[in-house]
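**Student:** Chains as they are written, first to last, in our numbering: chain S, 3 to 277; chain V, 11 to 272.
Please keep in mind that the hints were generated in silico from the structure rather than gathered at the bench. Hints should not be assumed to be uniformly reliable.
Calculated lysine to aspartate or glutamate pairs in the DMTMM-like style (CA-CA distance at most 25 Å, straight line) [stated by the list, open to error]: (1) Lys-227/V with Asp-260/V; (2) Lys-187/S with Asp-105/V; (3) Lys-180/S with Asp-211/V; (4) Lys-267/V with Asp-211/V; (5) Lys-86/V with Glu-169/S; (6) Lys-181/S with Asp-211/V; (7) Lys-187/S with Glu-145/V; (8) Lys-236/V with Glu-112/V; (9) Lys-180/S with Asp-105/V; (10) Lys-187/S with Glu-112/V.
Covered stretches of chain V, going by a simulated chain S footprint (3 or more residues, C-beta under 8 Å) [stated by the list, open to error]: (11) 62 to 71; (12) 98 to 108.
Just so it is clear, CB atoms sit at the ideal spot from N, CA and C, and this is done for glycine as well.
Here's the letter readout for the chains.
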Amino acid sequence: MSAPPPNDPNIGAPAVPDSLGTKTLEKAMPWAVILGMFVLWELICLVFNVPVFILPRPSVVTETLIRLWTPIMRHTTYTLWTTLIGFALAIVFGVALGVAVGAWRMVYNGLYPVLIGFNSVPKVALVPVLVIWFGFGPIPAVLTAFSISFFPIVVNVATGIATMEPELQDVLRSLGAKKHQILLKVGIPRSLPYFFASLKVAITLAFVGSVIAETVTGNRGVGYLMVDASSRFDAPLVFAGLIVLSFMGVGLYLVFAEIERRTTGWAHRGQEGNG
Amino acid sequence: MAFVSLDKVRLVYGAASSGTLAVQDASLSMERGEFVAVVGPSGCGKSTILKMVSGLLSPSAGLVAVEGQRVTQPRKDCGIAFQNPTLLPWRTTLDNILLSVEIAEEHSKSYRRDPKPYLDKAHELLATVGLTGFENKFPWQLSGGMQQRASLCRALIHQPQLLLLDEPFAALDAFTREDLWQVLQNLYLTRKFTVILVTHDLREAAFLADTVYIMSKRPGRIVSSKRVEIQRPRRLDDCFKPEFTDMVHDLRARIAKELEAA
Ligand SMILES: Nc1ncnc2c1ncn2[C@@H]1O[C@H](COP(=O)(O)OP(=O)(O)O)[C@@H](O)[C@H]1O
Ligand SMILES: [Mg+2]
Chain S
3 MSAPPPNDPN
13 IGAPAVPDSL
23 GTKTLEKAMP
33 WAVILGMFVL
43 WELICLVFNV
53 PVFILPRPSV
63 VTETLIRLWT
73 PIMRHTTYTL
83 WTTLIGFALA
93 IVFGVALGVA
103 VGAWRMVYNG
113 LYPVLIGFNS
123 VPKVALVPVL
133 VIWFGFGPIP
143 AVLTAFSISF
153 FPIVVNVATG
163 IATMEPELQD
173 VLRSLGAKKH
183 QILLKVGIPR
193 SLPYFFASLK
203 VAITLAFVGS
213 VIAETVTGNR
223 GVGYLMVDAS
233 SRFDAPLVFA
243 GLIVLSFMGV
253 GLYLVFAEIE
263 RRTTGWAHRG
273 QEGNG
Chain V
11 MAFVSLDKVR
21 LVYGAASSGT
31 LAVQDASLSM
41 ERGEFVAVVG
51 PSGCGKSTIL
61 KMVSGLLSPS
71 AGLVAVEGQR
81 VTQPRKDCGI
91 AFQNPTLLPW
101 RTTLDNILLS
111 VEIAEEHSKS
121 YRRDPKPYLD
131 KAHELLATVG
141 LTGFENKFPW
151 QLSGGMQQRA
161 SLCRALIHQP
171 QLLLLDEPFA
181 ALDAFTREDL
191 WQVLQNLYLT
201 RKFTVILVTH
211 DLREAAFLAD
221 TVYIMSKRPG
231 RIVSSKRVEI
241 QRPRRLDDCF
251 KPEFTDMVHD
261 LRARIAKELE
271 AA
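The shape of chain S in the complex, shown without the other chains:
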């Protein structure tokens, strides 16, 4: 079994002769596309003479990024922290609730409608409420990140536990297994791949949540930096913020995708092995 895991980017690619050249080219493609986009952007701005306060050229943005590197990084670190704290809270509460909802029918019946209702509230609408309660510090951002990212964790953990094969439950119950034994030996291990899959989604959402909150409440953070720059028509700084945000978003996603790949390899191979 040397087949690559399903999330291997090469899997959907057409079968080409295995020459070194095409392999390298395949790896280089995403970077080439990104670079090409920036070049195109630069050229369009130059050719059509687009004013800097509407769409600054990448070279101008880069120059701003370098010139204001220290303050931008200070805001970035701040945003990273509020995101991670909110995300950590989401993991703690999400897992606890997910296990409860997945394992006990009563909890499911009682909580599911509430959770759905809660999840359908646009989280931006929470920010003013959080400001009333917690003022303009980091807490509204942390709580927004938390509230937006914990739902997918709950749902995934609960799904992992609730979809246990009924035959397996019968086997275990006939051995005299107690509920907590079934949960510990089977339910929780089998929900791990679901949990780790949800982390990639949840971290991205947490990040969205904290930036949204910063744009409304903040006096710090990348969201605040961009709103502030925009109010001064400092387009290059706004775009610099945007670029930092996209790097951060992609970076966080990659970290958790890698954690998922390393921790639950058996799940991917299991699916392949059984077709």
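Using the hints, position chain V with the ligands against chain S.
**Tutor:** Chain V with the ligands in isolation, oriented as in the chain S frame:
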């Protein structure tokens, strides 16, 4: 005294008035050490009967007894295997088999204190079913037949008196299935447990069982039974003897009659 007995058992899924009547007036009785097969049309309540014998389900009416005692809760001296081998993908073959002794109360303490005897037992079982060398492989590295062999070992490691099999070989190809008939027969002959095998394969029932019970359409009743008088150990060649084919034809005719009735 019968080892397992069902007396006018009835089972309704859901509410008594509006639910599904799955089993009605089912009666049978079997001796200790007997190998019983239950055959019948799909949906007639075969799995339901197994679940009642194991104590996973309680009958709505009638009596299910094992060793003369009414079954009221899951019996811990049963081993169960299903069509779906349901091995845990994050555990090796060996660890999957040991799951039973980690959980069963009579074994879990002594297993934790000294796993050695249980490891020996597991290796011995694995050898009997032909899985030596696969102890440390994961389920996704095993073929369907091998997974089913491991699932049988998991059902037997805690030395149950009663082995309950719910169409365990239904998803396997013909050659693997016949292979496993012999594996099961060997286990049965060496370990002397009692077996209830639910199947819709009449040749399988005739090859393995001492007594074949035939069920009617839902709501399932036991409508007739047939003794199989072929000497053990039975060999696959026996399946081509006229007595064997006659018996399978007879079983088929009885089920066909059940399907026509009503
Ligand atoms: N959990 C359940 N809830 C409601 N109906 C069920 C349930 N399990 C089985 N049944 C019904 O009971 C009947 C017998 O089921 P089962 O014992 O699984 O049949 P078999 O194993 O012979 O195919 C079927 O008609 C099935 O639809
Ligand atoms: Mg069935």
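**Student:** Next step is simple, just say for each hint if it's right about the structure.
**Tutor:** Okay, the hints, checked on the actual structure:
no. : hint                     : result
1   : Lys-227/V with Asp-260/V : holds, 18 Å
2   : Lys-187/S with Asp-105/V : holds, 12 Å
3   : Lys-180/S with Asp-211/V : violated, 35 Å
4   : Lys-267/V with Asp-211/V : holds, 17 Å
5   : Lys-86/V with Glu-169/S  : holds, 16 Å
6   : Lys-181/S with Asp-211/V : violated, 35 Å
7   : Lys-187/S with Glu-145/V : holds, 19 Å
8   : Lys-236/V with Glu-112/V : violated, 39 Å
9   : Lys-180/S with Asp-105/V : holds, 19 Å
10  : Lys-187/S with Glu-112/V : holds, 9 Å
11  : 62 to 71                 : holds (count 3)
12  : 98 to 108                : holds (count 3)
Violated hints, in rising order: 3, 6 and 8; the structure is consistent with all others.
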